[in-house]
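When you get a sec, could you build the whole thing from the sequences and use the hints?
In order, the protein sequence lines correspond to chains A and B. Quick note: to get this note's numbering, add 328 to the position in the first sequence (first position is 1). Quick note: to get this note's numbering, add 328 to the position in the second sequence (first position is 1).
None of these hints come from the bench; they were simulated from the model. Do not rely on the hints blindly, as some may be mistaken.
Copies of the same chain look alike in the list, so a pair counts if it works inside one copy or between any two.
[What the hints assert, rightly or not] With a straight-line Cα cutoff of 25 Å, these simulated DSS-like cross-link-like pairs (lysine-lysine) come out:
1. 369 / 339
2. 385 / 369
3. 385 / 339
There are 2 protein chains.
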Amino acid sequence: MTRILVTINLKNGVHDPQAEAVHHALQDMGFGNVTSMTMGKQMVLDINEDDHDKAIKQAEEMCRQLLANTVLERFEAQVLL
Amino acid sequence: MTRILVTINLKNGVHDPQAEAVHHALQDMGFGNVTSMTMGKQMVLDINEDDHDKAIKQAEEMCRQLLANTVLERFEAQVLL
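Pasting the structure below:
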């Protein structure tokens, strides 16, 4: 079994209104020293595959086919254990 | 400036229908060797504060007040740079 951490974030330059709204809310609440923020998703997948390289490749294929919107998002898969 | 990574996940035992739906979809698409998956959020905050400990404490306070739903979610803040 290999545990994979997948992180999915918007590509650079893609407008993120959700992060902007949260950033504004933080400012309004007194956290004025937050100069920028980005938001993303993470998933932890347990894959029944002992070969780490194969597990990473499978996770990347899952990202391309389902987990990420590759037009707007970039993804990264790394071994946790 | 300190860059903080905040990760927010559901507490253990909290039912996650979104992760369940994605897990089922992966199975249907032929990724039958995924035995479990969890989904969470991550945020990267640039905080105008050079003291790492203070920056972490501020990020944790933001989680408690806004970013996380502490009834259902647990959060973790760590220094990225």
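Status of the hints after comparison with the structure:
1. 369 / 339: Cα proximity of residue 369 and residue 339: in one copy and across copies (13 Å, 16 Å).
2. 385 / 369: both (19 Å within a copy, 23 Å between copies)
3. 385 / 339: Within. Shortest intra-copy distance 21 Å satisfies the 25 Å Cα cut-off; inter-copy 29 Å does not.
In summary, the structure agrees with every hint in the numbered list given earlier.
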